[in-house]
Amino acid sequence: MPVVLLTDAFFFALIALTAFYAFYVARRPHLQTAWRKLARDRSAMVSLTVIAFYFAVALLDSIHFRPVLETSESGEAVYSNEVVSLFDRLVSPLGERFEKTYSEPLAVHAYVKETVEEGGVRHRVYPRLEHGGAGLGDARRAAADIGWRAAAWGLAGLLSCAGLLLLLCLALAGPGRALRALRAVVCNTTGPPLRAVAITVTLIVVAIFVVAGLSHDYHVFGTDKIGEDVLYQALKSVRTGFLIGTLTTLIMLPFALVLGVCAGYFLGWVDDVIQYLYTTLNSIPGVLLVAAMVLMLQLYMDQHSEQFNDLVTRADMRLLFLCAILGITSWTGLCRLLRAETLKVKEMDYIDAARALGVARPLILLRHVLPNVMHIVIITVALDFSGLVLAEAVLSYIDIGVDPTMHSWGNMINSARLEMAREPVVWWPLLAAMVFLFGLVLCANLLADGVRNAFDPRSEWNPS
Amino acid sequence: MIAYIVRRVLYALPILVGVNVLTFSLFFIVNSPDDVARMHLGHRHVTQEQVDLWKRDRGYDRPLFYNAGAPGLSRLSDTIFFDESLSLFVFDFGRSDSGRDIGQDIRQRMWPSLAIAVPTLLLGVLINITFALIMVFFRATYVDFWSVMFCIVLMSVSGLFYIIGGQYLVGKLLKLVPISGYGGGWSAIKFVLLPVLIGVVSGIGAGSRWYRTIFLEEASKDYVRTARAKGVGEFAILFRHILPNALIPILTGIVVILPLLFMGSLIIESFFGIPGLGSYTIDAIAREDFAIVRSMVFLGSVLYIAGLLLTDISYTFVDPRVRLS
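So the sequences go chain by chain: C and G.
When you line the first sequence up against our numbering, it's residues 820 to 1283, in that order.
When you line the second sequence up against our numbering, it's residues 48 to 372, in that order.
Isolated chain C (complex conformation):
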């Protein structure tokens, strides 16, 4: 039975909105120049490819349903109370195989000693893991087994990528030109940097194959304190990070757009009021305002706990509220930029012409002003994304972030703090969270750079 959480609904709305904008741009050649410029930017396209993989995980993890437990004789299905996502099903055994406690990446033995009774004698030994290397008879063969599996799966990944590339060339260029198209990709003579994208896809797919092949029998990133697979946690966190980065923007966008454009276009008292509003909000230090609002939200949710009885709904509502709060505190910057840009656009001849032709004011705003300030929105959205993902980690660290039961990089880092202080050090949860967080943020930053170069008219002189 499908379950649509509120954040899922917003996420789908965001995708629909993006699709609509793509459709809108596709029919207007003058809006495409910047996108074409972006498509030729190598680092931006490589980053976009990586982000696409993150996006795929987030999307799969956003399709929730309650699995069927059993079907009764009358044909009525009995559904489980637990909400799982398509992603959970895809990586199926990963989230359900628990060890007792910590274990190192790819380990076959536990990380802490245990007392085992053997023939009346008590030993302090590192016991074998329940799932890590379970198919293995002799623990000493683990290294060879891991190496063999990694190589085999890596090769399989490589081959399937090569096959995919061939198929794509065949499908897109037709049978006669397939070889020529392939040569263009390999020799890097295509317009958009397809070779770099192909290499990125290959690397990621090979990595996925190796990790997927190994994670069937091992914990690739080890397990955490309660014995949960760290790789699974890091992957589940992708959705949280991605949603915070995008939903916040989606929530703040209407405010910033309407207020910014109105302030710039109408001026007068409208402008005064809007400027006062954003100066006031802006003058409160961001973290403090977020903290104050989240505290109030926590209290509100505690007082009205009957509305949020379900654990998943509760965590979900909290994530949505957090996005809203971050949105309220971050629309001011975009609003100010839009106001300034509208002031400029307003003086253009085509606005005068539209006014002279008697176009109604709302139509002028919608058809002439809005499309011409959109580049500011796109640049800001791209720039804000990485900051928001990083902010989630910091906020969760001071306990004003997402729900503690929710998988997120911030929560992982938060618990890793104590693990770094213990002897011997438990370093892998921190590393896993950092690697995944770093990957997403780095790509987002590189993409934002490309977007700014492509969309900002001032960047023409910039030599880099």
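Note that these hints are calculated values from the structure, not bench results.
Do not take every clue at face value.
As the list claims (entries may be wrong) - Pairs of lysine-lysine residues, derived as DSS-like cross-links and limited to a Cα-Cα distance of at most 25 angstroms, are as follows:
1) C:Lys-1044 with C:Lys-932
2) C:Lys-932 with C:Lys-919
3) G:Lys-219 with C:Lys-1044
4) G:Lys-237 with G:Lys-219
5) C:Lys-856 with C:Lys-1163
6) G:Lys-237 with G:Lys-222
7) C:Lys-919 with C:Lys-1044
8) C:Lys-932 with G:Lys-219
9) C:Lys-1163 with G:Lys-268
Said to hold, decoys possible - Footprint (simulated), chain C over chain G, 3 or more residues, beta carbon under 8 angstroms:
10) 198 to 204
11) 332 to 341
Remember, it's a predicted structure, so these values are computed and weren't measured experimentally.
Every residue, glycine too, gets a C-beta built ideally from N, C-alpha and C.
Given the structure of chain C, go ahead and fit chain G onto it with the hints provided.
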């Protein structure tokens, strides 16, 4: 000049009133004092008497805006809004929910915050400007390209990682400085070193990239081209022409955050156990002490607005082209 400053201060007043009303409604109207009392006393098994007592101790049992039962002017003054919110304008912060004098705490705790924040800022600016100058000197070469990449990589690492990694590497493995804590007087230096270092390192990426943009913008102006056409060397152009002119936006950018240095850094202070205002705020958030959080929000806005004011004034000093109007 005086008239200008007075006018700017008067502009700031309505904004402060806005901040005040906003925080007040956030803390007292979204959740009533009853809710807050219940939360502090534990959610269940709380009698109404206990709640009333808690409220009376802190003066939260009065009406929000208008006290109809009081005589004369104290109808307005004997209210929560007057006592808790308006008194902030004269920096009377009142008492925290646990009964401590907030004003006293702030005066005591701002010094450790400054001991971290000021060296971090100075050292950071120095290093960032140097790095940015190197990038601009080698602009449009591979040195520039990879330096920018390096900056983006630095920017993409979570600040938490710098802190945890730095603590682990310098404090635990190398045992050079204590991992956390604070001492009075000169002994504070060994506690301050690591936080400052980490603060500087984590700021290099964003900082030097920002300064590079400013330098490049300056480098594309006509007077630079003229200087080059006259045969001035690249080095002299960089240090005699670009640097002094680019310092104007850089310095004014620093002036904005000067007052906020008092507030300290939330994360770094709480990680290193430094008894500054940042960790004070974090502790208050963790203990859900709303009186302190409210005071810090207001203080933060006052300092931010003071920073804007200082920027406007400093513009007139460093750039004679700016005329006050």
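Hints and how they fare:
1. C:Lys-1044 with C:Lys-932: holds (14 angstroms)
2. C:Lys-932 with C:Lys-919: This hinted pair holds, its Cα atoms lying about 12 angstroms apart.
3. G:Lys-219 with C:Lys-1044: holds (22 angstroms)
4. G:Lys-237 with G:Lys-219: Between Lys-237 (chain G) and Lys-219 (chain G) the Cα gap is close to 14 angstroms, so the pair holds against 25 angstroms.
5. C:Lys-856 with C:Lys-1163: Between Lys-856 (chain C) and Lys-1163 (chain C) the Cα gap is close to 24 angstroms, so the pair holds against 25 angstroms.
6. G:Lys-237 with G:Lys-222: holds (12 angstroms)
7. C:Lys-919 with C:Lys-1044: Holds - the C-alpha atoms of Lys-1044 (chain C) and Lys-919 (chain C) are around 8 angstroms apart, at most 25 angstroms.
8. C:Lys-932 with G:Lys-219: Holds - the C-alpha atoms of Lys-219 (chain G) and Lys-932 (chain C) are around 24 angstroms apart, at most 25 angstroms.
9. C:Lys-1163 with G:Lys-268: Roughly 22 angstroms between the alpha carbons, so the hint for Lys-1163 (chain C) and Lys-268 (chain G) holds.
10. 198 to 204: This one holds; 5 residues, not fewer than the three required, reach chain C with a Cβ under 8 angstroms.
11. 332 to 341: Contact hint for the stretch 332 to 341 of chain G vs chain C: holds, 6 residues under 8 angstroms.
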